[in-house]
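Residue strings, one per chain:
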Amino acid sequence: MSKPEASLIRELDVRPLLRAGEEPFQAIMDAVGALAPGQSLRLIAPFRPVPLFSVMANRGFSASDRALDGGDWEVLFSPVAGMQTEAGLATGSSPSALSWGDPIEELDLVDLEPPEPMVRILEALEDLKPGDVLFALLSREPVFLFPELAKRQHEWAGNFDASGAAYRLLVRHGGGRAHG
Amino acid sequence: MPMASLSRWTMSYFAAALAFLLAAEALAVAGIGYPAAGLSEPATLILVHLVAIGWLSLAMAGALLQFVPVLVSRPLAFPKLALPALFMLAIGLVLLCTGFATLAGWIDAPLDLMPLGAVFLLCGFSLLGFMLVATLLSTRPVALFARFVLTGLACLAITALSGTAFSTILSGRSGWLGPVALLPGGLPFHALLGLGGWLGLIAFGVSYRLFVMFMIAPEPPARRVRPVLLVSGLGLALAFAGLVAPFASFEPGARWIAAVLVVLAAAGLFYGRDILALYRARRRKALEINMLASIPAFIALGFGLALLPAAILAHAGDGPVAALVFLIAFGWLGGLTLAQLVKIVSFVTWLETYAPRLGRGPAPRVGDLVAMPRTGRWFLLSYGGVLLGAATLAIEAAAGFRLAMVLCLIGTAGLMVELVQIRRLSEIKAADRPPAHERPQLLATRAEERRPVHVEARSLAHPRA
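Chains as they are written, first to last, in the working numbering: chain W, 1 to 180; chain S, 1001 to 1465.
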């Protein structure tokens, strides 16, 4: 992959957040969410954020890091070229979905109005075990579901079918539960 | 990543909007503004701007902050600007109205409050526009519905700029304009761009997407929706031409206004056909209150748009024209906004309260948060007031109009109470409500404050632990 141009990099410095005693995870995920397709994220942190590498790898980003002066670290998360587009998956989909097992539960949620599809999917996940895969057919991209899946550590991959009328969603149980 | 979260300050926008609506209706009940005063007199200007900016624009802004990110599947850009924008808009409107009150001779204050208020409004709308445009352009290609919103925002910019120019004229500081006379000829075009472009066109565009979702109807094909945007765009371009015509020493008259309205009515016809098709093709047979209460709004739009050009061409006088504009502003835009507020507030409140708990046990449905049929009765009262209001305006019966506004005022107050009850989860059995400290706050959603329960997040914050 060629080196990304400067305009294709978004920068996030989480040092002020951490100094203020706040959790930087949501800010990082928001920044990742706001990336345009092909855009990279440069993260600056007061330590080497190793746990984030696997989270980002699941979202299709490779990491290259270097130490800065004063013990700070800079990590460049770059989208792995072609990984998602080749598989035809929506941005944010876990690229590992290609190797997930067959779904053990299938839900047809096309005729339900929001937020019912989200209710059914989260309820169904509650009965599954970590590693289990669920398939759901929806009439639209479930934008409010994705943050909830992320908070419960579930991975997902999805895309519209060729006609654009149905959204196909795979969710792999990541071990998390309802947290309210 | 396609992701949308709850807009933190949308509820505050709605609360401010409803407060301004109540204020406007109370003033109308007190007999201030048309028909007791002339259409372009300061008292009427106060009323008109309380409704157009305070009520309709703030409600539209709050709804857009929530739904534009949902509809483009991207997070809202620069969400921290939402609250400053609301403050600037509210302060700007109060200053503007104080300026109008000075102009009316009710109070003794500098007339410069008018342009000062206009500048605040301009800043507030700029912040809002900046957030929305940045969000809309974060996905490519730009969707058709996004083009409705972008065109509407362009109309908002022209409306706000022309309003600022008018305010300098009214405050006696029009030297910069030279011999160009923008008033009173520019007023109808300013109103057309504001009501038709910013509020109307965006209501068109957003309703296509939301109604498909709310009624589970098939998405109308782009080839049917595109003409609505193109024809509206043509009408609004004509309105813009009418606004700036004085710079070319041309005075557009009633025919120009009627031409704009005829073109907008044609767009409305295409739009109405699509909305009717959406209602007919819906897979969710039982209509919820928001879709039921929108039906009178569409009827009001149909009547208003069909008759207004004729009334202007026939020089029918102030009464019928005011009645038809009132029908469009209160019946269509106001009615549609109130109806969808019930849905948006209940949906957001439900999501905020129950999304994190889903899967842990039975959760109420969104509709369970709304008190029915009580909410429906407030809508009946409200629309009854609108119908009576339009009739009494048409025959210039000032006392009858005040009575009509009493009905609207009671309807609005009733719906406001219902919306507060929705936020407080009053319709949910006590056992199914979350503990008090986790319930939604009245004016702000807490979704963004919620700490993610993420192993990685914890270890990220304390790497050596």
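If you are wondering where the hints come from, they were derived from the structure by calculation, not from laboratory data.
Since the model is a prediction, treat every value here as computed from it, not as a measurement.
Positions of the beta carbon are idealized from the N, C-alpha and C atoms, including for glycine.
A couple of the hints might just be wrong.
With the Cβ distance kept under 7 Å, some of the chain S side facing chain W (calculated, not the full set) [unchecked claim]: (1) A1281; (2) A1286; (3) I1289; (4) R1357; (5) P1364; (6) R1424; (7) R1433.
Interface residues of chain W toward chain S, partial, derived using beta-carbon atoms under 10 Å [what the hints assert, rightly or not]: (8) A34; (9) M118; (10) I121; (11) P130; (12) G131; (13) V133; (14) L137; (15) S139; (16) R140; (17) V143; (18) L145; (19) K151; (20) D161; (21) A162.
Which chain S residues stay away from chain W? Per the calculated CB distances, all over 10 Å, these [as the list claims (entries may be wrong)]: (22) L1027; (23) F1214; (24) I1299; (25) V1420.
Verification of the hints:
no.	hint	in the structure
1	A1281	13 Å, violated
2	A1286	11 Å, violated
3	I1289	14 Å, violated
4	R1357	4 Å, holds
5	P1364	10 Å, violated
6	R1424	18 Å, violated
7	R1433	12 Å, violated
8	A34	5 Å, holds
9	M118	7 Å, holds
10	I121	9 Å, holds
11	P130	13 Å, violated
12	G131	16 Å, violated
13	V133	17 Å, violated
14	L137	14 Å, violated
15	S139	7 Å, holds
16	R140	7 Å, holds
17	V143	4 Å, holds
18	L145	9 Å, holds
19	K151	5 Å, holds
20	D161	14 Å, violated
21	A162	15 Å, violated
22	L1027	39 Å, holds
23	F1214	7 Å, violated
24	I1299	24 Å, holds
25	V1420	22 Å, holds
The structure fails to meet hints 1, 2, 3, 5, 6, 7, 11, 12, 13, 14, 20, 21 and 23 from the earlier list, while all remaining hints are met.
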